[in-house]
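**Q** Just so you know, the sequences run in chain order A and B. Each residue of the first sequence is one higher than the last, beginning at 6 in the working numbering. Each residue of the second sequence is one higher than the last, beginning at 6 in the working numbering.
There could be a bad hint or two in this list.
It does not matter which identical chain is meant; a pair holds if it fits inside one copy or across any two.
Stated by the list, open to error - Below, simulated DMTMM-like cross-link-like pairs (lysine to aspartate or glutamate); rule was C-alpha separation at most 25 Å, straight line: (1) Lys293 x Glu124; (2) Lys179 x Asp320; (3) Lys290 x Asp96; (4) Lys303 x Asp286; (5) Lys418 x Asp254; (6) Lys391 x Glu118; (7) Lys179 x Asp363; (8) Lys249 x Glu425; (9) Lys249 x Asp329; (10) Lys207 x Asp320; (11) Lys303 x Glu124; (12) Lys214 x Asp365; (13) Lys207 x Asp363; (14) Lys207 x Asp256; (15) Lys179 x Asp369; (16) Lys290 x Asp208; (17) Lys303 x Asp96; (18) Lys257 x Asp208; (19) Lys293 x Glu105; (20) Lys257 x Asp363; (21) Lys303 x Asp256; (22) Lys418 x Asp286; (23) Lys214 x Asp254.
Hints are computed from structural coordinates only; laboratory data are not their basis.
Protein chains: 2
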Amino acid sequence: MADTQSRTAPETDSATPGGITRRRLIGTAGATGVALGAVGAGAGYAVASSNSPEQSTALASLGADKAMFHGKHQPGITTPMQARGHLVAFDLAAGAGRKEAAALLRRWSATAERLMAGEAPTSEDTDVARDAGPSSLTVTFGFGHSFFSRTGLTKQRPAALDPLPDFFSDHLDKARSNGDLWVQIGANDSLVAFHALRALQKDAGGAAKVRWQMNGFNRSPGATAQPMTARNLMGQIDGTNNPKPAESDFDKRIFVPASGSPAWMANGSYVVVRRIRMLLDDWEKQSKAAQEDVIGRKKSTGAPLTGGDETTEPDLEKTDANGDLVVPINAHARISRPDQNGGAAMLRRPFSFHDGFDADGTPDAGLLFVCWQADPLRGFVPVQRKLDRGDALSQFIRHEASGLFAVPGGAQKGGYVGQELLEG
Amino acid sequence: MADTQSRTAPETDSATPGGITRRRLIGTAGATGVALGAVGAGAGYAVASSNSPEQSTALASLGADKAMFHGKHQPGITTPMQARGHLVAFDLAAGAGRKEAAALLRRWSATAERLMAGEAPTSEDTDVARDAGPSSLTVTFGFGHSFFSRTGLTKQRPAALDPLPDFFSDHLDKARSNGDLWVQIGANDSLVAFHALRALQKDAGGAAKVRWQMNGFNRSPGATAQPMTARNLMGQIDGTNNPKPAESDFDKRIFVPASGSPAWMANGSYVVVRRIRMLLDDWEKQSKAAQEDVIGRKKSTGAPLTGGDETTEPDLEKTDANGDLVVPINAHARISRPDQNGGAAMLRRPFSFHDGFDADGTPDAGLLFVCWQADPLRGFVPVQRKLDRGDALSQFIRHEASGLFAVPGGAQKGGYVGQELLEG
């Protein structure tokens, strides 16, 4: 997975010295967060320090950083990876249809907007996130294949939502796969994320029930001395080759164009979600050299085995003294490269997960793989098909759950996510 | 639980303006962490910024903050609460006795010392925490009642480890309770914590197997504009009345004296661990006023219902216009007060937990209650007995697992935790 994960960390430290003078010393904890925010801003989201009228002291830093709910795209796609995440699928309740779904998305959008802005808790609030700032909270909503038949909207269902093909390495638990509706919650504070999860579950009321729910995590802002590409639980630097928002073809690869089809998906994206268990006991029994051959990169630096640093292009033709390819033919980094897959590209923005140990001491841990693309048939599917056939990494992972969801563009002020679909 | 949790946040912001000049801007993310560290230092632990020779740029901030492994007491007791935690119990393997246990504690201590110091990964390391600083990592080791018979050390077993009495409200899962050995891991970064967990599990090798393992979390440093008492998943400010390291009787209440018995527990402490499920669906159906009557405090501020602010003493005799007590007779804050329990006091230093949802959408969430005292019979037991009989909160919580462990004093350089027991 070293090349199938998100790099949303900034290329450079863009926090300005001026930034710090605006903050109390105790409030500087989020300088990293603010710096990270610059990437989101470049892709259409503003992440700014807030000074909520409800807060008697200036909230700054990690807590104060916030993403915007309204915009061209939904938040949580190009927003920098957050330290804590919840993925949830809901199924509409028996008897709930298009009307109830529209009302639910309206409630959900209002809640997401309020919580992401760090507004003061309402009188009915659980108070779990009281005192904390929004902490870069994002909430993202999507629609699954089954949603459209449940709501009489099959004519609006995008072909891109057709079920993913079966893969040889799949061991999918249907109860933890797919679903009518999908919600992604991310924040840099665990209580802020949990608070949002419960608020959205409460909003669902009698209209929808939780189908499955998963918790994940990433590095905390500030855990490394400077922003770096993430590592996964196999210890690999993971996300080096992710498309960057600054690249000219980024939008085309990740987002449905404004003139795209169906019209309600303008500026939207398709997300593939996979619970990928890592067989860590097996993996950790391998020597470091063997692990590096599986991936095709140095574990310590992420550099290709053919030399250079993390961002150096691998020399895929290079051979060693014996005439063997230095980057093995089945190395993950070779097989997952866009230029080996007809230019397929996706934005990988995962969370790690760890749900304790099985009875025999095996960790139930791995990657909540979340990847974004304008078209799954040109993003996830061709890459996964190729990985499925020959990836050396496949013997150390197991895909245990899968979801595919249509994530509409961002809501405009006064509107809600999915309004064009549900009122179209 | 509002008064049965940890307050390890500092009273004041002790970060100095001078501190920040030593840090790169991007490295100021941990000003809060450094401030928090001052509390640990006051209680015998130093938390300092590091500049590991293995790090090419100065690590500072959240990542660089570190607690000391060696000292009078073990770390993770008075260390400020961390954003991520793992609790693990191990049982010795069949055939493993005192000798194997001594070797294991020696391995574990060496690993804990190395990881807490932020030393460079060894060549066998998984690399999961590479690039990150120690992020205030702490590792704490304890011995359960069953350890002593397994190792032929029953004569060394403290009476304080006698099994806790049964409580009416217990619904304990024995498979997730007690155990021969207990390890607590805390860090402000989830990957750093997971890395330590796996390293310690690997150290266990054939000598001990995981019995149970639980994950928890607390607020991220910097999520609030200034350090504040924690909130739990019921939304209560939780830990206001915790003993403070600066108080003259703190050590006496929390730690076994240097001259205490048995001698190997000098400067140690006893920890009670409870997995307390919160019945959040029931709780959140209550009005805010009803919730406040259950606790006896205002939810928003933590102030007693009799007025003032969070730290104001409640007026327990005060009545309203109808002659009813303002702080109800069964309010949690009244029943759990030390002066209502013969001066019983414990240092509560918990993690919240959330392990997803049950099939019906009920959250499997609550508190990993971790409390420290010099003697459980004068700390946890009398308070819990009183709560068990009349606490209004008890109908909203369920104790699902329980552990009691003897946590020896800290290791000296060259030694290991439990050495006086295992080589005594």
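**Q** One pair to classify: Lys303 and Glu124, alpha carbons no more than 25 Å apart. Within, between, both, or neither?
**A** between (45 Å within a copy, 20 Å between copies)
**Q** Should Lys391 paired with Glu118 be assigned to within, between, both, or neither, using CA atoms and 25 Å as the limit?
**A** Neither. Shortest intra-copy (40 Å) and inter-copy (44 Å) distances fail the 25 Å Cα cut-off.
**Q** Between copies, within a copy, both or neither: which fits Lys293 and Glu124 at Cα up to 25 Å?
**A** between (49 Å within a copy, 19 Å between copies)
**Q** Within, between, both or neither: how does the pair Lys290, Asp208 come out at a Cα-Cα threshold of 25 Å?
**A** between (46 Å within a copy, 14 Å between copies)
**Q** For Lys303 and Asp286, with the copy left unspecified, which applies at a CA distance of at most 25 Å: within, between, both, or neither?
**A** Classified as within; 20 Å inside a copy, 48 Å across copies.
**Q** Please work out whether the CA atoms of Lys418 and Asp286 approach to 25 Å or closer within one copy, between two copies, in both situations, or in neither?
**A** neither (49 Å within a copy, 32 Å between copies)
**Q** 25 Å Cα cut-off: does Lys293 pair with Glu105 within a copy, between copies, both or neither?
**A** neither (54 Å within a copy, 28 Å between copies)
**Q** Are the CA atoms of Lys214 and Asp254 at most 25 Å apart within a copy, between copies, both, or neither?
**A** neither (38 Å within a copy, 51 Å between copies)
**Q** If the cut is 25 Å between Cα atoms, do Lys249 and Asp329 qualify within a copy, between copies, both or neither?
**A** neither (33 Å within a copy, 64 Å between copies)
**Q** Checking Lys290 and Asp96: alpha-carbon separation at most 25 Å within a copy, between copies, both or neither?
**A** Between copies only: 23 Å across, 41 Å inside.
**Q** When no copy is specified for Lys179 and Asp369, does a C-alpha distance of 25 Å or less occur within a copy, between copies, both, or neither?
**A** both (18 Å within a copy, 21 Å between copies)
**Q** Is it within, between, both or neither when you check Lys179 against Asp320 at 25 Å Cα-Cα?
**A** Result: close neither inside a copy nor across copies, 41 Å intra and 56 Å inter.
In summary, the structure is inconsistent with hints 2, 5, 6, 8, 9, 10, 14, 17, 18, 19, 20, 21, 22 and 23 from the numbered list given earlier, while agreeing with the others.
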